[in-house]
Each structure stands twice: as C-alpha cells, then as structure tokens.
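**Q** If you want the building blocks of each chain, they are given just below.
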Amino acid sequence: MKFKAWIGLTLLLIVAILVSGCTPEPEVEEPEIAPETEATEEEVAEEPTEPFRIAFVYIGPPGDLGWTFEHDRGRLMLEEEFGDLIETTYIENVEEGPDSARIMRDYAQQGYDMIFATSFGYMDHMAEVAAEFPDVIFEHCSGYKTADNMATYFGRIYQPRYLSGIVAGLMTETNSIGYVAAMEIPEVIRGLNAFTLGVRSVNPEAEVRLVWTNTWYDPVLEREAAVSLLDQGVDIIAQHQDTTEPQKAAQERGMLSIGYDSDMGQFVGDSVLTSAMWNWGTYYIDTVGKALDGTWESHQFWGSMDDDIVMLADFSGLVPQEVIDEVEAAKERILTGDDVFCGPINNQNGQEMVAEGECMSDSDMLNMSWLVEGVIGSVSQ
Amino acid sequence: MIALLTSILAITLRAGTSLVYATMGEIYTENSGVLNLGIEGMMLLSAVSGFAAAYYSGFVWVGFLIAMLVGGILAAIHAFLSVTMRANQVVSGLSITLFGTGMASFLGQRLGPESNNYYLAGMVGPRLQTISIPGLSQIPVIGALFNQDILTYIIYLLVPLAWFYLYKTRNGLNLRAVGEDPQTADAMGINVTRTRYIYTIIGGLLVGLGGAHLSLSYTPGWSENITGGRGWIVIALVIFAMWNPGRAFLGALIFGGINAVQFRLQASGTNIPASFLNMMPYIMTVLVLVLITWWEALSKRIGAPAALSTPYMREDK
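So the protein lines, in turn, are chains A and B. Mapping of the first sequence onto my numbering: position 153 corresponds to residue 153, and the numbering continues sequentially without gaps. Mapping of the second sequence onto my numbering: position 190 corresponds to residue 190, and the numbering continues sequentially without gaps.
Bound conformation, chain A alone:
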C-alpha cells in the first residue's frame, strides 16, 4: 500500500514538474551532444555557420503585459532582424537568487554566445558566471557591475514619465493625481519625481498622491492601492507597477490613467491616456549586431528617448491636440539638453535641491532618495 502511494506521488510530481516546465533544464543531455556537433562542424566546413545563440533570463512571464512582455518583444524584434543568423531562447520566472547563477551557467555550458539578464537582482550572479566564461558575452539590465565580457544597459524612463506627467497635469480636473508605486528605491523615486515635475511644469496647483505597495507584481494589491487613491478624489492614476490592474481600476470608476512598462492602452482602452514605455528592441539589435561583427565591447549604457530605448506610447483619442503639442515641445527641450532634473527643483519641504541653471549628475540621479515638491506621501530615509 505504502509502495503504491509513493508511485502515485512520484507520478504526480513528475507531471507537475513537466507542466511547470517553463523552466527547462536540458543541462543533463547537452554536454554529450556538444562534442558531436564539433565533429560535424569539422566534417562539413562549407555548411552555413552555426547561428549565434542568445539566451534571455526573465524575472516574470512574457504574459505579464509589462516588464517582461517588453523584453520579450525586444527578443522577437531581434529574431526578425537577424533571421537565421541567430537563435534565441528564454527562461521565465527566474528568482533573483543563486538559482539564477545556475541557470546562466547552464546556458554558458550549452554553448550560448550571449546571455541577457533582465532584472537588477541577477547582477552579482551574472558577474560570478561571467568570470567563469570569458568567451561568452553577458549583458545585465539595470545594474552597475561590468567586466570585460559583461556590460550593463538601461533607459532613462524618467524622460517619458516627465512627458506623461504633462499630459496628466493638463487633463486633471480635481488637481489631484494618484501614483501607485512599488518599492522605495531610487529607480522608482526618480520616476515619481520626474512625473511630478512634469505635472507641475504645466499645473503648479496639482498634487500627486502616493501609495507604496511594496511589491512589483500583485494584481489584487495594486488594484486596492489604486481604489484607495480614487476614493481620495484623484481623477488620474499613474503607476510604477507591472500589471494593468491600477489602469483597470481607474477605468471602472470612469477616471483616466497613465500606463507604464508597455503600451497599456492596447490592453485596457482609451481611458489610458498614454504610457511611459520601454522599447528594448533597438538596443538589442544594436548590441547583438556588434557582437556578430566582432566589435562588441563592454559598456554601461543608459539610453535616452533619443536612442529609442524609452518612449511615450501613442496617445489615446481622449488627449486633445493642445496637450500633444505641449508634450512635443517639452520633448524637444529635453532632447536639446534641458533634461528633466535641471533646476530649480525643490523638495517636499520647499527646500531647494537643484539650483537654477544646474542639472543633477547621473550618479545623483541614480541615488535619488528624496521627493520633489508636490508629492503627498513619504519615503523612509
């Protein structure tokens, strides 16, 4: 009887692992295959060269409609651009822990030529694996550690956020805008501040009410946070969260919203005025192109709207032309050197943090931990 039970359980476990098998673990067979392919390569030298193999490590599923969705859109753009020259694969839902090192090591051992890791928490593990495989190219999104074969890349999403703030500032009727924010870290604070500066640049009366959820991804909590803000009388919801739930909550109340990560309007509808969105494809095509022709070098890339890595999504039909004109004008200003975090900028207490004529340095921006004037809410110091 006991014996049967264990068979049943083992079977169920096997099925469970197979089906949750979005986490492929082909490392067992690969080493045996590798020498074989080498042999065939020598035999038929005329055959077209092996494709350049690229692996992506994702923090979430491509179906999140947000962060990972956008990275995967970039991967598909890569495939379209290079066709048979490259071969890509991805692995989803990888925890930011030692497990990620094991996964990257597996890919390197399988003979992948280039590995992208798309979350901050993979940084140390990628650095560790990069040191073991000097011939493999590693690229890490949003971190700061580099090596000869490891580069970093990220985008100045605060620029489109500022522009989306202008839209919100001009279109709010209650002069109160809600912001659902994930984690109290510089990246999120920077985005919130840029958004608020955008709002106040066109509407000094408006305020931005802030709620922290302490999670990147939780549909239920994100909705509750948005509803709390709507109950306080905000008429536009913006977010630094990875699901569309705050956008949907605003829509159900007949209110407006500003999306993030992807063009959320295409999933939710016209109530999403625009979105500050990522567009990784251009960068991926550029860096893979360099790797293919042998000119790739380690770098730290923090691209702006000019590089197309960040952008504002198409406006919804509800945004009037005057607003669009205003946004275009501000975009022009930013691209010609008057960046978002150029003074004068005050903090919440009215204290001047950036003087007129000065601009914050990149390192100051990357360490931002204070909130600008106009934000109602707090951040732990």
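It is possible that part of the hints are untrue.
Here are the simulated distance ranges between beta carbons [what the hints assert, rightly or not]:
#1 B:268 - A:96: 32 to 40 Å
#2 B:116 - A:120: 23 to 31 Å
#3 A:306 - B:58: 45 to 53 Å
#4 A:254 - B:287: 37 to 45 Å
#5 B:269 - A:293: 50 to 58 Å
Residues on chain B that point at chain A, a partial pick, calculated with CB under 8 Å [said to hold, decoys possible]:
#6 105
#7 109
#8 126
#9 129
#10 143
#11 219
#12 223
#13 224
#14 226
#15 228
#16 257
#17 258
#18 259
#19 264
#20 269
#21 275
Hints are computed from structural coordinates only; laboratory data are not their basis. As the structure is a computational prediction, the values presented were derived from the model and not from experiment. All residues carry an ideal CB built from backbone N, CA and C; glycine is no exception.
Given the structure of chain A, go ahead and fit chain B onto it with the hints provided.
**A** The following block gives chain B in isolation, referenced to the frame of chain A:
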C-alpha cells in the same frame, strides 16, 4: 469620515470574498482530517480556467461552473492520494500547488485568442456585476454591505449555514468525528473514506469558487499569478479561525480590511512610514492569532482536528 468608512467596508468585503470561500472550503476539508496544501495551485488553475470558460462562452456562470469543476477535480486527486493511497498529505498538497501554478501559467499562454499571441492575459471577458439593493445600499456605512456582487451576498447566508451544519447537525457531527477520531467514527458505522472524499471535494469546489472570484469579479481578467500567495493566507486563516466557519469570515475581513485601511492612510498623506503600514496586515494577523489562542486556551477549546493529516487505515491499531 462616513464616506471613508463606507468605502473601507466596501473594499474589505470585495477583497475578502475570495478568501472567505477558499477558507471555508479548507475548513471543511480539514475538519474531515485531510490537510490540503494545494489551495494556491487550485485557486490559480480555477481562476485561469474559469476566466477562459467565461471568455469563450460569454457567460460568467459557465466560468464559475468550470472553476468549481477544476477545483473539485484537483481536490479529488488529493483525496485519492491521501485517503485511498494514504500518501503523505503535505507532499501531495504541495505537488498539487506546484502542478496548479505551472499549469495555470501554461494555460494562460495557450488558451488565448490568436490575435493576442494565444495569451489570455489582457483579454476582457464577462464579469460578475455589482448589484445594489435599493434602499439598503443608501444607508451610511452599512450600505456597503448591500452594494456587492452576488457571491458576496451568498456569503451572508453561507457562513451561518456552514457553521450550523458543522456544529448543529448529525452530518456535521459525523464529519468532525472523522476528523477527530476516525477509529471511533468507523466503529459507529460512519464511512471514513467516503466522508473524507466528500468533504475534500466540497472544499475543492469552494476553493475553485474563490479562485474564480478573482478572475471573474474582483480583478476581472487573467494575470499571471493573480492570487499573489493568497492560497497560503487561506491556510493561515484556517488556523486563525480555529476551524470554525464563522471566525473564518472575520479573519478574511480583518486581513483584507487592514490593507484597505493602510492604503487609505498613505493616500491621505500621513507621516507614518509606508514600510510600516505595509507590514500591518501581517502584524495584525499574528496579534489576533495570539489573542485568540490565548483566549481559547483559557476556555480549553483549542486545537486542530486530532486526526488532521493522518491517513486512516482500518486494520491499524
């Protein structure tokens, strides 16, 4: 102030509904002596299949039906493994969670329409509508009770009924007897195996309903990992409720309500650090748990069903 209280109560009930159903289901399962740790996976799989069914049929009730069916089938698998096969219930439950979580992601990326790359996420389907009861829903604060969807209204009836059934009927007594002391129950002529099967499956149906309430009413649509760990909260709530359906209702509301309160405090611009407010639901849960345990210990009524997670074998001594 009154508007604030009304809105807090409204969202508390809305957020708590799926927790109440799932907790009630698990309470019935555990009272029969079967521990089911598969809730998280069952809720996810019910949420995705319920939404898909409603999306393609166009009827929200079809979605709920399918979700209950899926919950029931997973529970039946657990019952087969843990009652008939006498497998370790912890392992069996965990593998159901593993299976359900993975399968739900898998289906979410395959069941969608071709136009959306076969993703189900981002599709808009039918959802349960809020029904305002004329008159009653206008009362300040209490009115929030009468401005909910049909599943929340059913709870008002179901909770007292579930309590009555468990503690005041012959069947409820038999159920608890099986959970407390299966040997004696068997000797009394109660079919232990059948009882455990029935209540594990009933539990699964309710858990399925709870999962589908997320994707068909509260946060309509499918998003990956839509439960966000609420399946585990349910298991904590069962202990919190001391296996009593009435208290499950209270616990689910406290847990859902604290979040509503802390978000509103933040939105109103309070000086309390957000990180502290974000901890509140967990702190409160622990605090209330301690208080209840202490009170229960004094009145000597504490405890899980004695035979919880122990397989029953007739020949065993």
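**Q** Does each hint hold? Answer for all of them.
**A** Taking the hints in turn, this is what the structure says about them:
Separated by about 33 Å at the C-beta atoms, residue 268 (chain B) and residue 96 (chain A) satisfy the suggested range of 32 to 40 Å. Under the hint 23 to 31 Å, the C-beta atoms of residue 116 (chain B) and residue 120 (chain A), about 29 Å apart, fit the expected range. At roughly 47 Å, the beta carbons of residue 306 (chain A) and residue 58 (chain B) sit within the given window of 45 to 53 Å. Look at residue 254 (chain A) against residue 287 (chain B): about 38 Å separates their beta carbons, and that is inside 37 to 45 Å.
In this structure the hint that residue 269 (chain B) and residue 293 (chain A) lie 50 to 58 Å apart at CB holds, the actual value being about 55 Å. Taking 8 Å as the C-beta cut-off, the interface hint given for residue 105 (chain B) holds, the closest approach to chain A being about 6 Å. Among the interface hints, the one on residue 109 (chain B) holds; its C-beta lies about 5 Å from the nearest C-beta in chain A, closer than the 8 Å criterion. Against a cut-off of 8 Å between C-beta atoms, the interface hint on residue 126 (chain B) is violated, since the closest Cβ of chain A lies about 14 Å away.
At about 11 Å, the closest approach between the beta carbon of residue 129 (chain B) and any beta carbon in chain A exceeds 8 Å, and the interface hint on this residue is violated. Residue-level restraint check for residue 143 (chain B) is violated (minimum Cβ-Cβ distance to chain A is 15 Å; threshold 8 Å). About 5 Å separates the beta-carbon of residue 219 (chain B) from the nearest beta-carbon of chain A, less than 8 Å, and the hint is met. Given hint, residue 223 (chain B) at the interface with chain A, holds; its Cβ is 5 Å from that chain's nearest Cβ, closer than 8 Å.
With its C-beta approaching chain A no nearer than about 5 Å, residue 224 (chain B) sits inside the 8 Å limit, and its interface hint holds. Interface hint status for residue 226 (chain B): upheld, as the beta-carbon distance to the closest one in chain A is roughly 5 Å, under 8 Å. Taken as an interface hint, residue 228 (chain B) checks out: its beta carbon lies about 4 Å from the nearest beta carbon of chain A, inside 8 Å. Annotation: residue 257 (chain B) was flagged as interfacial toward chain A, and the flag is violated, the nearest CB pair being 10 Å apart, outside 8 Å.
A distance limit of 8 Å between C-beta atoms decides the matter here; for residue 258 (chain B) the minimum to chain A is near 11 Å, and the interface restraint is violated. For residue 259 (chain B), the interface hint holds, the least distance from its beta-carbon to any beta-carbon of chain A being 6 Å, beneath 8 Å. Here the hint on residue 264 (chain B) is kept, as its CB sits about 5 Å from the closest CB of chain A, short of 8 Å. Checking residue 269 (chain B) against chain A: minimum C-beta separation of about 4 Å stays under 8 Å; hint holds.
Annotation: interface hint on residue 275 (chain B) holds; nearest CB of chain A at approximately 5 Å, less than 8 Å.
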